[in-house]
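Between the sequences and the hints, there should be enough to build the whole structure, so can you do that?
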Amino acid sequence: MNTLFGEKKANAGKKVFKSVEEYPEVPITLGTTLSNFTGDWRTFIPVIDESKCIKCYICWKFCPEPSIYIKEDGYVAVDYDYCKGCGICANECPTKAISMVREEK
Amino acid sequence: MPKKVVSGNYAAAYAAKHARVEVVAAYPITPQTSIIEKIAEFIANGEVENLQYVSVESEHSAMAACIGASATGARTFTATSAQGLALMHEMLHWAAGARLPVVMVDVNRAMAPPWSVWDDQTDSLAQRDTGWLQFYAENNQEVYDGVLMAFKIGEHEKVNLPVMVIESAFILSHTYDIVDMPTQEEIDDFLPPRKPLYTLTDFDNPFSVGALGTPADYYEFRYKIEKAMENARKVIKEVGKEFGERFGRDYSQMIELYRTDDAEIVFMGMGSLMGTVKEAVDVLRSEGYKVGAAKVRWFRPFPKEELYELAKNVEGIAVLDRNFSFGQEGILFNEAKGVLYNTDANPVMKNYIVGLGGRDLTVNDVRVIAKNMKEIIEKKELDKEIEWYHLKR
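Taken in sequence, the protein lines are chains A and B. The numbering of the first sequence is this note's numbering, which starts it at 1 and goes up by one. The numbering of the second sequence is this note's numbering, which starts it at 1001 and goes up by one.
Just so you know, these hints were derived from the structure itself, not from any lab. In this text, a Cβ means the ideal position worked out from N, Cα and C, and glycines have one as well. Please note that a few of the clues may not be correct.
[Said to hold, decoys possible] FRET-style restraints, in silico, Cβ to Cβ:
hint, chain 1, residue 1, chain 2, residue 2, range
1, B, Glu-1230, A, Ser-19, 13 to 21 Å
2, A, Glu-103, B, Glu-1090, 30 to 38 Å
3, A, Ile-58, B, Phe-1203, 39 to 47 Å
4, B, Gly-1338, A, Val-16, 33 to 41 Å
5, A, Glu-25, B, Ala-1112, 34 to 42 Å
6, B, Lys-1195, A, Glu-103, 44 to 52 Å
7, B, Gly-1338, A, Phe-44, 39 to 47 Å
8, B, Glu-1057, A, Glu-25, 28 to 36 Å
9, A, Lys-61, B, Arg-1222, 35 to 43 Å
10, B, Asp-1202, A, Thr-43, 36 to 44 Å
11, A, Val-16, B, Lys-1158, 24 to 32 Å
12, A, Asn-91, B, Tyr-1219, 28 to 36 Å
[To be verified] One-sided excerpt, in silico: chain A residues whose CB lies under 10 Å from chain B:
hint, residue
13, Asn-36
14, Phe-37
15, Thr-38
16, Trp-41
In structure tokens form, the structure reads like this:
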């Protein structure tokens, strides 16, 4: 996945511990935010309608995480591993191209 | 063995020096100040090698600096009192959570207001749930021995938790007494250099400390701290026994029992208070009372089994609390009662709130308490569960 911040590491996924014995004795190896996916905190998920997008990138500027990235074709997309569903992008979008939809898991 | 006449605070400073601490970060607060003054003096006189003193602007920063230093693998020490300890509270959780064996001397001092610099255990007991081990010293010798043992216990591979060594304001901190100090060679033999679980200076294996723990992981790390606390029970007894074999003062009991073998009534308490109580036990024994004293040395981990063994064989326990948890009762009383629930030990227990803010508890006061306990046991009727003993009526 290309972002303006460089390549996202494909294997940065968090280690899943299956039993208490597998855990390190001290909480030092949980990794950075790169491996702690915060996307599962979300209740509403932003959905982008590219037909309404005018590539103004206001959503990209406002995203506090930042989980919105610019694709090679110039349109924006959401990194759902980290999007917490705050809805700021949908609120700021001047053409209402982003809608917040209740996510079903 | 060399003997020195020192205050409780100087005993703590000498113990830190003899333990070869590498980093001290502390902020002066009465009545703790003379501990770090003495350590500063050691550095100024060139008496210590390889000891960094970090100047900080508050106790919160002092503990933060200790956590950083300890995470690099250094043997770390600090000291504080009352409001200073309260200011450290947040950082105390960090030290225990990151499993760093920082050793701290807390000079028990009453919490304000009203502003007070005298003895009271509520400051340290309010830190009960932070994950620190707590050792209560009765006299200057125990302050010295406690600090040395604290490093060995906290740094043990099965523990890795911070330890608080607690002494009374002024009663110990500023009162001089003979303290028996082993030679540096003997101490080095007892307390080898620290072998840290991890160090931030391991540049080949970088990692993050204090990263996010989501609901998927946090719970397990809490369980690991509790396991370490349970392990500490065994380690405390082993180290206490080893200390006794090497230096002649045995600390293998988490509760020190004094003349309890045939006792009907036992006075239970912590810290310097128990010196007076032991004296009172001798006096009361000569007057025909069957009494004994149980000094709780380690409050965390709480000596459950020892307390149960004691409670099985006595008729009444008078818990002397130099502390109070508002809205409930004395903190030691609360813990002790909790341990005995669901067991077959069922002595009469009464809570005497004594000595708050440095008020004296005398031998005669203990006699009054003994008489009261005896009456309760004879009548088989508890007059009241909690008594504010010194209250002016």
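How the hints compare with the structure:
The given range of 13 to 21 Å is respected by Glu-1230 (chain B) and Ser-19 (chain A), whose C-beta atoms sit roughly 18 Å from each other. A hinted range of 30 to 38 Å for the beta carbons of Glu-103 (chain A) and Glu-1090 (chain B) is consistent with their spacing of about 35 Å. Roughly 42 Å separates the CB atoms of Ile-58 (chain A) and Phe-1203 (chain B), a value that falls within the hinted 39 to 47 Å. Checked against the hint of 33 to 41 Å, the pair Gly-1338 (chain B) and Val-16 (chain A) passes, with Cβ atoms roughly 37 Å apart.
Checking the proposed 34 to 42 Å range against Glu-25 (chain A) and Ala-1112 (chain B) shows it holds: the Cβ atoms sit about 39 Å from each other. Between Lys-1195 (chain B) and Glu-103 (chain A) the C-beta distance comes to about 48 Å, which sits within the given range of 44 to 52 Å. Between Gly-1338 (chain B) and Phe-44 (chain A) the beta carbon distance is about 45 Å. The supplied range of 39 to 47 Å therefore holds. The given range of 28 to 36 Å is respected by Glu-1057 (chain B) and Glu-25 (chain A), whose C-beta atoms sit roughly 33 Å from each other.
Range check, Lys-61 (chain A) to Arg-1222 (chain B): Cβ separation about 39 Å, and the 35 to 43 Å hint holds. Checking the proposed 36 to 44 Å range against Asp-1202 (chain B) and Thr-43 (chain A) shows it holds: the Cβ atoms sit about 41 Å from each other. The hinted window of 24 to 32 Å between Val-16 (chain A) and Lys-1158 (chain B) holds, with their beta carbons roughly 26 Å apart. Here the CB-CB span from Asn-91 (chain A) to Tyr-1219 (chain B) is close to 35 Å, well matched to the stated 28 to 36 Å.
At a threshold of 10 Å, the smallest CB-CB gap from Asn-36 (chain A) to chain B is about 5 Å, leaving the interface hint in force. About 9 Å separates the beta-carbon of Phe-37 (chain A) from the nearest beta-carbon of chain B, less than 10 Å, and the hint is met. The interface hint given for Thr-38 (chain A) is met, as the beta carbon of that residue sits about 8 Å from the closest beta carbon of chain B, less than 10 Å. Among the interface hints, the one on Trp-41 (chain A) holds; its C-beta lies about 9 Å from the nearest C-beta in chain B, closer than the 10 Å criterion.
Violated hints are absent here; each numbered hint is respected by the structure.
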